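Novice: The lines below spell out each chain.
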Amino acid sequence: METECQNRLPSQPIYAQSIPQLDVRVLISIIQDADHPKAIELVSMVNALPSSRVFTNVKWEAGVIDPSLKDALQKTPVGSHLVLCGDERFIWSCWSVANQAGWLNDEMTLLKTEHVRNLYCVHCGQIQPITTQAEVICQACQVKLFVRDHFSQRLGAYMGVCLDANQPYGGDVK
Amino acid sequence: MMSSMIEVEVTKVKQLTDVIREFTLSPMEGALPGFSSGSHIQLHLPTSHRVLKKAYSLLSDPADTSSYRIAVRLQEHSKGGSRFMHEGLSEGDHLHITPPSNLFAPNSSARHHLLIAGGIGITPFLSYLAEFQRQSKSYELHYAYRGGVTDAYVTDLRQAFSAKLHTYDSNLQQRLDLDQLLSNQSVGTHVYVCGPERLRHSVQEAATKNAWSPSRIHWEAFSGAEPGQAFQVELARLNKTLEVSADESLLEALEASGVEIPNLCRGGVCGQCATTYLEGDVDHRDAFLSQADQSQQLMPCVSRGMCGSRIVLDL
Ligand code: FES
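Sequence order for the protein chains is A and B. Just so we're aligned: the first sequence equals residues 1 to 174 in the working numbering. Just so we're aligned: the second sequence equals residues 1 to 315 in the working numbering.
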């Protein structure tokens with residue numbers, strides 16, 4: 001089991017360990033990959049609920065999802081709940097669309113499938129996908145980055161800061 | 001610790017209905033501090049036996065700092081505050097007020113603002129409307145009142161905001177169906193309530209029934225402390241005993257004996273006046289502390305000792 005809640009920074013996202021039992025008006029599930037075991041479990045559970053809508057294999061890129069889905073998110077009545085199921089990049093991309101539509105954090109459950117997340121290079125602003133590693137080289141400016149636990153909801157990314165203060169440049173510059 | 005007071009002059013008094021009066025407060029010189037929609041000020045009222053401190057919402061346009069306007073309803077069982085405002089205050093009088101503070105600001109990320117006012121609870125929303133119009137925000141105002149008694153500003157509102165205004169006159173048996181209203185809102189709506197306790201309860205009830213997240217519900221307690229029974233309070237560290245009479249709040253009694261407690265709303269919502277107590281049966285009337293915290297703390301602006309009891313404060 002993951003123990004992500006221990007010693008977490010206040011900015012670190014909280015992912016659900018399981019699918020909560022919800023008493024809501026409409027339950028919307030947005031799923032990245034319908035074949036993932038967590039997605040299969042989610043679908044079998046929400047299909048039993050009276051007013052549940054499931055969107056699977058959703059097309060997305062940073063901060064942009066299918067316009068029809070965006071529309072559905074804006075027209076949902078207050079009192080609904082949203083489950084975002086996918087890797088961290090997918091979740092935060094959907095989160096920013098939902099947030100703009102007016103959804104609040106306590107109306108969303110984040111169900112993480114894979115360890116693919118975004119890293120933001122604080123030196124050059126590049127956002128790149130990473131997995132669980134703690135050190136990464138920035139694709140754009142080549143600086144060696146240390147992956148901090150600090151997470152920006154707005155960017156949907158973890159912060160990468162220069163690992164070696166003596167070498168704040170890319171490459172082999174002394 | 002108390003923010004510095006401002007001296008103002010009452011430059012206009014206007015009777016709006018049988019029980020509601022509007023006051024314009026102007027600075028002795030220059031302009032008054034700026035404020036945001038939903039702000040309130042505290043007035044210090046020099047009544048015959050003591051200085052009463054009362055919080056009132058600013059109803060004027062936040063863009064105008066040449067004066068502040070407030071409206072006060074005469075409460076039947078007034079402890080002196082609203083009676084003083086209606087009978088003891090006239091144009092030309094001077095008063096001391098605190099700078100504005102805001103415990104009831106509109107949510108900045110809301111896409112639609114649903115405002116629900118009961119009677120004199122219309123006041124904070126008047127400052128919202130000016131701002132909403134300027135920023136072309138989406139909103140609707142539902143205003144329930146008793147025609148001819150608590151229907152302040154209804155004519156002005158009809159003229160300026162008729163498309164967004166829904167009124168309910170209890171004299172005409174017009175009812176606001178909260179369940180229906182709250183079941184029809186789309187995500188992005190925040191609801192704001194200002195008015196009597198029972199209106200707030202009804203909104204809360206309808207919201208719970210429709211599975212609203214509590215973070216979408218905002219309310220202002222404008223009525224302040226209700227009177228109660230007399231009780232005794234002991235200040236453990238100061239080694240003092242005070243009698244709190246039926247018509248004053250514990251906070252007022254503490255202030256009268258020279259003990260200053262930080263406070264903003266004087267209505268049990270802001271959390272500023274939290275005080276630890278060591279002993280006693282407390283009648284908790286605030287809307288701030290959790291039940292667990294209420295076993296150790298109380299809000300002296302509204303809460304009291306049970307009738308005839310004695311409470312011991314860690315002061
Ligand atoms: S002064 Fe705000 S809770 Fe007491």
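The hints are simulated quantities; they were obtained by calculation from the structure and are not laboratory data. Mixed in with the good hints, there may be bad ones.
[Unchecked claim] Covered stretches of chain A (chain B as the covering partner; in silico rule of three or more C-beta atoms under 8 Å from a C-beta of chain B): (1) 19-29; (2) 156-165.
[As the list claims (entries may be wrong)] Computed far set for chain A versus chain B, every beta-carbon distance over 12 Å: (3) Ser68; (4) Gln74; (5) Asn99; (6) Leu104; (7) Ile127; (8) Gln139.
[Claimed, not checked] In silico SDA-like links for lysine to any residue, alpha-carbon gap of 20 Å or less: (9) B:Lys209 to A:Lys70; (10) B:Lys209 to A:Val26; (11) B:Lys14 to A:Asp23; (12) A:Lys75 to B:Ala292; (13) A:Lys75 to B:Asn184; (14) B:Lys137 to A:Gln74; (15) B:Lys209 to A:Asp23; (16) B:Lys209 to A:Leu104; (17) A:Lys75 to B:Leu199; (18) A:Lys70 to B:His112; (19) B:Lys209 to A:Pro77; (20) B:Lys209 to A:Thr56; (21) A:Lys75 to B:Ala110; (22) A:Lys75 to A:Thr56; (23) B:Lys209 to A:Ser52.
Just so it is clear, the structure is predicted and the values come from calculations on it, not from any experiment. Positions of the beta carbon are idealized from the N, C-alpha and C atoms, including for glycine.
Novice: Indicate, hint by hint, whether the structure satisfies it.
Specialist: Each hint, compared with the structure:
A stretch counts as covered by a chain when three or more of its residues have a beta carbon under 8 Å from one of that chain; for the stretch 19-29 of chain A and chain B the count is 3, and the coverage holds. For the stretch 156-165 of chain A, the stated coverage by chain B is violated: 0 residues have a C-beta nearer than 8 Å to a C-beta of that chain, whereas at least 3 were required. Distance check for Ser68 of chain A against chain B: the nearest CB is about 16 Å away, which clears 12 Å, and the non-interface claim stands. Under the 12 Å C-beta cut-off, the non-interface status given to Gln74 of chain A relative to chain B is violated; the minimum distance is some 7 Å.
Not every beta carbon of chain B lies more than 12 Å from that of Asn99 of chain A, the smallest distance being close to 8 Å; the non-interface claim is violated. The beta carbon of Leu104 of chain A is not kept farther than 12 Å from every beta carbon of chain B, the shortest such distance being approximately 5 Å. Non-interface call for Ile127 of chain A relative to chain B: holds, since the shortest CB-CB distance, roughly 23 Å, exceeds 12 Å. With a closest Cβ-Cβ approach of about 32 Å to chain B, Gln139 of chain A is found to remain outside the 12 Å limit, as its non-interface label requires.
Annotation: proposed proximity of Lys209 of chain B to Lys70 of chain A is violated, straight-line Cα distance about 27 Å (limit 20 Å). At roughly 14 Å between alpha-carbon atoms, Lys209 of chain B and Val26 of chain A fall within 20 Å of each other, so this suggested pair holds. Taken as a hint, the Lys14 of chain B and Asp23 of chain A pair is broken in the structure, with Cα atoms around 50 Å apart against an allowance of 20 Å. Between Lys75 of chain A and Ala292 of chain B, the direct Cα distance comes to roughly 38 Å. Violation of the 20 Å bound is thereby established for this hinted pair.
Distance hint between Lys75 of chain A and Asn184 of chain B is fulfilled; the C-alpha atoms sit about 11 Å from each other, no more than 20 Å. Restraint check: the Cα-Cα separation between Lys137 of chain B and Gln74 of chain A comes to about 16 Å, which is no more than 20 Å; the hinted pair holds. For the hint linking Lys209 of chain B to Asp23 of chain A, the alpha-carbon distance of about 10 Å falls within 20 Å, and the restraint holds. Straight-line distance between C-alpha atoms of Lys209 of chain B and Leu104 of chain A comes to about 18 Å, which keeps the hinted pair within the 20 Å bound.
Annotation: proposed proximity of Lys75 of chain A to Leu199 of chain B is violated, straight-line Cα distance about 28 Å (limit 20 Å). Distance check on the hinted pair: Lys70 of chain A and His112 of chain B sit about 17 Å apart at the alpha-carbon level, within 20 Å; holds. This hinted pair checks out: Lys209 of chain B and Pro77 of chain A have alpha carbons roughly 13 Å apart, not beyond 20 Å. Between the alpha carbons of Lys209 of chain B and Thr56 of chain A the distance comes to roughly 30 Å, so the proposed pair goes past 20 Å and is violated.
Pair hint Lys75 of chain A plus Ala110 of chain B holds up; C-alpha atoms about 14 Å apart against a cutoff of 20 Å. Annotation: proposed proximity of Lys75 of chain A to Thr56 of chain A holds, straight-line Cα distance about 19 Å (limit 20 Å). About 19 Å separates the Cα atoms of Lys209 of chain B and Ser52 of chain A, which keeps this hinted pair within 20 Å; it holds.
This entry does not satisfy hints 2, 4, 5, 6, 9, 11, 12, 17 and 20, going by the numbered hints stated previously.
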